[in-house]
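Q: Protein chains in written order, with the numbering used here: chain A, 8 to 298; chain B, 113 to 428.
Calculated directly from the structure, the hints in this document are not laboratory data. Fair warning: there could be bad hints in the mix.
Claimed, not checked - Distance windows between CB atoms, simulated:
| id | chain 1 | residue 1 | chain 2 | residue 2 | range |
| --- | --- | --- | --- | --- | --- |
| 1 | B | GLY390 | A | THR185 | 57 to 63 Å |
| 2 | B | LEU269 | A | LEU288 | 42 to 48 Å |
| 3 | B | THR166 | A | PHE112 | 52 to 58 Å |
| 4 | A | ALA189 | B | ALA123 | 37 to 43 Å |
| 5 | B | ALA204 | A | SER196 | 24 to 30 Å |
To be verified - A short, non-exhaustive set of chain B residues, derived as facing chain A with CB atoms under 10 Å:
| id | residue |
| --- | --- |
| 6 | VAL200 |
| 7 | PRO256 |
| 8 | PHE365 |
We treat Cβ as the ideally placed atom computed from N, Cα and C, and that holds for glycine.
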Amino acid sequence: MPDPVRHPSHLLGYASKAWRNLGPLVAAAFLALVVTLAILAPWLPIADPLDADPSKRIAAIGTHDLWLGGDNQGRDILARLIWGARISLAIAVAPTLVATLVSLFLGIAAGYHGRWLDHIIMRTLDVFFAFPLVLLAIAIAGILQPGVLTEIVAITVVLVPYVTRVARTSAGQVASQTYIEAARASGASVGALLLRYVLPNAAPPVLVYATTLCGLMIVVGSGLSFLGLGVQPPAADWGAMVADGGVVLRKAAHATLLPGLMIVLAALAFSTLGEALREALDPRSNRRRSS
Amino acid sequence: MLLFLLKRLAALVPVLLGVSFLVFLMVELAPGDVTTLLLGPLASEEAKATLRKTLGLDQPILIQYAKWLEHVLGGDFGVSIATSRRVVDLLAPRLLATVILGGASLALTIVFGVAVGVITAARAGGLVDRVTQSVVLVIGNLPPYWLGLVLVFAFSLQFRWFPTSGMRSVSGNGGVTDVLNHLVLPAVTTAAAPAAVVAAMVRAAIIEVMGLDYIRVARAKGVPRRTIILKHAMRNALPTIVTIIGLQMGYLFGGALFSEVVFAWPGLGQLLYTSIVGRDLPVIQASVLAIALVFVLVNLAIDMLNRALDPRGQHA
Numbered sequence: 008m009p010d011p012v013r014h015p016s017h018l019l020g021y022a023s024k025a026w027r028n029l030g031p032l033v034a035a036a037f038l039a040l041v042v043t044l045a046i047l048a049p050w051l052p053i054a055d056p057l058d059a060d061p062s063k064r065i066a067a068i069g070t071h072d073l074w075l076g077g078d079n080q081g082r083d084i085l086a087r088l089i090w091g092a093r094i095s096l097a098i099a100v101a102p103t104l105v106a107t108l109v110s111l112f113l114g115i116a117a118g119y120h121g122r123w124l125d126h127i128i129m130r131t132l133d134v135f136f137a138f139p140l141v142l143l144a145i146a147i148a149g150i151l152q153p154g155v156l157t158e159i160v161a162i163t164v165v166l167v168p169y170v171t172r173v174a175r176t177s178a179g180q181v182a183s184q185t186y187i188e189a190a191r192a193s194g195a196s197v198g199a200l201l202l203r204y205v206l207p208n209a210a211p212p213v214l215v216y217a218t219t220l221c222g223l224m225i226v227v228g229s230g231l232s233f234l235g236l237g238v239q240p241p242a243a244d245w246g247a248m249v250a251d252g253g254v255v256l257r258k259a260a261h262a263t264l265l266p267g268l269m270i271v272l273a274a275l276a277f278s279t280l281g282e283a284l285r286e287a288l289d290p291r292s293n294r295r296r297s298s
Numbered sequence: 113m114l115l116f117l118l119k120r121l122a123a124l125v126p127v128l129l130g131v132s133f134l135v136f137l138m139v140e141l142a143p144g145d146v147t148t149l150l151l152g153p154l155a156s157e158e159a160k161a162t163l164r165k166t167l168g169l170d171q172p173i174l175i176q177y178a179k180w181l182e183h184v185l186g187g188d189f190g191v192s193i194a195t196s197r198r199v200v201d202l203l204a205p206r207l208l209a210t211v212i213l214g215g216a217s218l219a220l221t222i223v224f225g226v227a228v229g230v231i232t233a234a235r236a237g238g239l240v241d242r243v244t245q246s247v248v249l250v251i252g253n254l255p256p257y258w259l260g261l262v263l264v265f266a267f268s269l270q271f272r273w274f275p276t277s278g279m280r281s282v283s284g285n286g287g288v289t290d291v292l293n294h295l296v297l298p299a300v301t302t303a304a305a306p307a308a309v310v311a312a313m314v315r316a317a318i319i320e321v322m323g324l325d326y327i328r329v330a331r332a333k334g335v336p337r338r339t340i341i342l343k344h345a346m347r348n349a350l351p352t353i354v355t356i357i358g359l360q361m362g363y364l365f366g367g368a369l370f371s372e373v374v375f376a377w378p379g380l381g382q383l384l385y386t387s388i389v390g391r392d393l394p395v396i397q398a399s400v401l402a403i404a405l406v407f408v409l410v411n412l413a414i415d416m417l418n419r420a421l422d423p424r425g426q427h428a
């Protein structure tokens, strides 16, 4: 790494260092804002997201008292973005949480027990890795009846193999530590050993990975909605709004651009948070950075 | 090399069996009754039971799977419910379109990903690097279906440079230039996010190699920086770069699925989408299987390439 004194753009070096500390804060603040608005949606002084007014069809930003304009059916885009956040975040976060729990269980079973159990679990996962992630999600969601629950199920299923692989590596490393051996020697039962020592020590890398995945899952989940496999009209989520807006792309591009922008910002925020968590938890990367 | 290929192919057999079983099971578990789908809602229970028997649906699931697999291996994917055509006839022309889009996107991913990665690594810490890093981070998070629409808005509707959809124009000659013209936007849409991720990872890989002793020696000898990066560092980072590109294949395939739908590109992804909308189960089954098979083969090719590039692993 170039050292800041010698490098002409050292000022930028400080700016970027500040951003490295500020970036995760901004990301967290943004997500907190979106989540708060989404939760408070029913009590906010905003229009009904399903209320279609033909006279406000594809209204431009700031016209007809609509801050962010109207969509192809004359519904308030701002209200739909806020209400849509509920589903868009839920279909990314809920599957990641469920998949993390399932994967911790599978990963610890494979990584700690090892031997035949490891073999069975990992060879089964190999089958899932033979599918591109998005293909499997589309196939599962496409076979089931479209709906939010379907989206959550589909995304959970495709996540489990990826998270389990991380959990298994993590659990395997923990299992070979001396404190595990010491606990076993002092007569801890398998249950206590797994719950009190293996789980808390194996979990952090898995949680970091899951946070980063949330970003990608916002994109994939909204993608399923975009294809019409998730939330059904007239309900709003960002992916479905992108698809709705696509119909009037020529006349009212903002109906497509705004919900897509929300997906990008949310995905960026989760990636930034995940990356910051990873650096905070990985002492190796800290040392490398300060050298 | 040949032995390695044979070993890898042998290891693929159980995986592909698993894949086919999963695809088979997926349709078995689908809600709704196939006999109702074929005979209509008014069919009598008796007629349904007869059909179930003729189709072999009354037999244990493993027997059904074995029979299905026997047909699939013989290239028989059944008949499309929506079009009454043989599924394999629907699949074949789609495969070519997908390979064209996938190949073009892969080429863009490699060229832009590696070029941007190398350039930013060479100027690590500089202004160009920092700005590019931020842009790359944003591009890496762009949803392909949205990027596709944004590109259509900008380059088809505003500037009218490229067509909005399809693979050949109705009025055009349908020749190579026509297809290329239609290919630009979907390929860029598909390649954008993977290229960004490749750029970031290639940058890190080159920076890592640049810290090694043999690079310092070359530098001390006075070898020009450009030569060091392009010849010395690149050669050593190449296996890592191939691995990095390989890791993005899943992402690239996913992006292509969305691109095909957004741009009505007549490939396997669009076939999958239309068959899902029409609940055409045999076509869903066949297109999922076909895409997964292409994916597995591409990954195998990347493994082989890596093997050829990195002789160190040859005895392992």
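Q: Each hint needs a verdict: does it hold in this structure or not?
A: Against the structure, the hints come out as follows:
no.: 1; hint: B:GLY390 with A:THR185: 57 to 63 Å; in the structure: holds, 60 Å
no.: 2; hint: B:LEU269 with A:LEU288: 42 to 48 Å; in the structure: holds, 46 Å
no.: 3; hint: B:THR166 with A:PHE112: 52 to 58 Å; in the structure: violated, 43 Å
no.: 4; hint: A:ALA189 with B:ALA123: 37 to 43 Å; in the structure: holds, 39 Å
no.: 5; hint: B:ALA204 with A:SER196: 24 to 30 Å; in the structure: violated, 60 Å
no.: 6; hint: VAL200; in the structure: violated, 19 Å
no.: 7; hint: PRO256; in the structure: holds, 8 Å
no.: 8; hint: PHE365; in the structure: holds, 4 Å
Checked against the numbered hints above, the structure violates hints 3, 5, 6; every other hint is satisfied.
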